[in-house]
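Now for the letters of each chain:
2 protein chains.
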Amino acid sequence: MLAKKQYREAQKRALEYMLKAGVVLSEKERENISVADFGLGDLEHQGGQILTFFNTSRLSAKIIVLFPWQILPEHWHPAIGEDIGKEEAMRVRWGEAHLYVPGEPTPQAKGKIPAGEEKNFTVWHEVILRPGDQYIIPPQTLHWFQAGSEGAVIDDYSSTARDLQDGFTNPRVVRETRIVDD
Amino acid sequence: MLAKKQYREAQKRALEYMLKAGVVLSEKERENISVADFGLGDLEHQGGQILTFFNTSRLSAKIIVLFPWQILPEHWHPAIGEDIGKEEAMRVRWGEAHLYVPGEPTPQAKGKIPAGEEKNFTVWHEVILRPGDQYIIPPQTLHWFQAGSEGAVIDDYSSTARDLQDGFTNPRVVRETRIVDD
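If you read the protein sequences in the order shown, they are chains A and B.
Using my numbering, the first residue of the first sequence is number 5, and each one after it goes up by one.
Using my numbering, the first residue of the second sequence is number 5, and each one after it goes up by one.
Hints are computed from structural coordinates only; laboratory data are not their basis.
Since the model is a prediction, treat every value here as computed from it, not as a measurement.
Think of the CB as a built atom: it goes at the ideal place given N, C-alpha and C, for glycine as much as any other residue.
Over the 12 angstroms line for every Cβ pair with chain A, so calculated as not near, a few chain B residues:
#	residue
1	Leu6
2	Glu13
3	Ser38
4	Asp46
5	His49
6	His79
7	Val105
8	Pro109
9	Pro111
10	Lys116
11	Gly120
Covered by chain B, per the in silico footprint, the following chain A stretches (three or more residues, Cβ under 8 angstroms):
#	segment
12	53-63
13	94-101
14	133-139
15	161-173
Let the sequences and hints guide you as you build the complete structure.
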């Protein structure tokens with residue numbers, strides 16, 4: 005749940021990150037950045053700011069902005085009907101992103117989890133992505149990611165996105181953002 | 005057919021366009037820009053400079069640079085096996101691109117075709133794409149595009165690319181670029 009004012013402030017802040025990263029936007033897109041708190045009410049620590057360029061029956065492209073140390077919570081893209089699940093390629097344009105996927109847990113990983121949330125983050129194989137680095141996440145694969153100290157601007161290329169049907173490790177997550185009057 | 009020197013010069017020039025457009029590249033990618041003359045030996049008028057970020061069994065992403073008034077010749081992405089054909093989303097980052105697709109021919113279209121090549125360009129419905137504009141080309145759909153007077157840098161998002169199997173209107177096109185010693 006986000007107050008309208010907080011939502012608008014996060015939109016504005018995300019737009020500043022996108023422009024700093026050289027993302028070229030239409031006038032309409034500048035107004036269309038969505039802010040997700042995943043129902044956790046702690047946007048600064050767990051959330052994301054997302055602009056969808058398009059989402060067809062085969063392809064999607066988004067820009068994701070994470071503020072410094074903001075986490076996009078652990079989730080996976082399930083098979084739905086004939087779709088084996090979303091395949092997602094992340095490519096960092098600006099800042100630094102720490103991506104966590106299944107595999108050997110990385111000793112002294114950089115990830116910082118809010119106290120009490122440890123059980124909601126189960127994969128700890130760390131991939132550090134800096135500008136120009138990319139990583140492709142297979143369908144149905146657990147992953148979460150967190151910005152470094154400056155934040156991150158990420159090009160996110162994928163097959164069809166069905167965000168509301170993503171699975172989250174944290175049972176408290178609600179993918180649809182509720183906005184309430186200030 | 006391109007001489008090595010011409011190939012290298014076009015790579016270097018394309019890199020300059022990408023950097024001017026704010027494309028963020030790894031060191032390795034800077035060396036990997038491919039130059040295509042489509043076997044026509046007239047790169048300045050018909051050709052393209054292409055950097056592939058990735059190409060999986062479901063997704064591909066490229067940056068396409070066209071020099072001023074350079075044409076990427078008319079073609080389509082055929083069905084191959086279980087693939088109904090490549091779906092392609094073009095999004096201009098820098099400059100201007102003129103895209104031509106089936107539909108009502110645009111009166112006084114901006115397209116400039118080399119003399120004698122008219123029969124190789126059969127679709128004339130013009131879509132002008134400026135920075136932040138995007139257009140999605142369905143599978144199996146004829147299209148060609150040309151940069152405006154400054155050139156163009158284009159984000160090209162698609163399903164799997166099988167460039168060598170694309171169909172071209174011009175029977176003289178050879179998709180694989182032959183490079184010869186200077």
